[in-house]
Amino acid sequence: MKNLKSSKFFAPVALTFLLICFGFNTPLKIDQLQLDLLIQTVTKGQKIATKGEVYYRSSNGKLVTHFSYPMELVSITNALGEMQSYDITRNSLWQKISEEYSSKQSFIYHFMTGQHNDMGLPENGFELTETKIDNGMVVTVWKYVGKLNQHVGSIIELVHEKRFPIYMSLSKNNITETKTYYTNYQIIGGIKMPMNITEINYFEGGSDSTITRKKYSNPQINNQVNSEYLDFVIPSNAKLIKVNGK
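Take 195 as the starting number for the sequence shown in this note's numbering and just add one per residue.
Hints may be right or wrong, so weigh each one.
The list that follows gives simulated cross-link-like pairs (lysine to any residue, SDA-like), each with its CA atoms no further than 20 Å apart [stated by the list, open to error]:
1. Lys-386 - Tyr-303
2. Lys-241 - Thr-406
3. Lys-326 - Tyr-361
4. Lys-356 - Asn-311
5. Lys-341 - Glu-294
6. Lys-223 - Ser-421
7. Lys-408 - Thr-235
8. Lys-408 - Met-362
9. Lys-409 - Met-389
Taking CB as the label site, the calculated pair distances span [as the list claims (entries may be wrong)]:
10. Thr-370 - Arg-407: 13 to 21 Å
11. Gln-418 - Ala-243: 20 to 28 Å
12. Val-339 - Ile-242: 34 to 42 Å
13. Asn-378 - Val-339: 30 to 38 Å
14. Lys-337 - Asp-425: 36 to 44 Å
15. Asp-425 - Asn-368: 41 to 49 Å
16. Ile-291 - Asp-425: 18 to 26 Å
Honestly, the hints are just simulated from the structure, not real lab data.
Just so it is clear, the structure is predicted and the values come from calculations on it, not from any experiment.
We put the beta carbon where it would ideally sit given N, CA and C, even for glycine.
Sequences and hints are given; from them, build the entire structure.
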């Protein structure tokens, strides 16, 4: 009887302990995400600033970017890479279909679906060829084995610190083309995501580069999200400028 009473007492205490340790850290189901966005680009000594917001709806893979400065544009894409860019002031529309424009290429998709371990590289034709530890960081090397000619010879190096990516570089034929840094991680609805992403794109020959800093802030999720742009409908009378590169 003594052991039975002890077990009856222990069970609710243990359950309470588990709830305290794990229950309050359970990630929320994020269907909608909104982030403020500031893009600062430096190229050939010139600085350009762009402001806007990014919206993502996981149920249908819809990714919308509303640019408010220096001009007002709405860019809409989905998981299939069907992209539309609408100039509100001019009522003009540019659209194209390409896997490169798919919302699955977005860092938001990678982190919300738990693909931060490989950043979606296997789905893009890359194969893991090497894994090593460098000063406590995990370094993986990926080789392109897909069928797209423009990517043949491409090598990606991905660096993780404490399970999350902090650096990625792309080189082709032993020449570095891009470097990307992920910093200022924050937890949004239980999901850890980088709020600062810095991209360095090197010109051919490596003599100069374009540096793009993307700063995300003011995260809103689910019912907090302003659905105006997620539900935005491009006017039927918009002037079509470009369709699928033609």
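Of all the hints numbered above, which does this structure not satisfy? Sort the numbers upward.
Hints that this structure does not satisfy do not exist here, as all of them hold.
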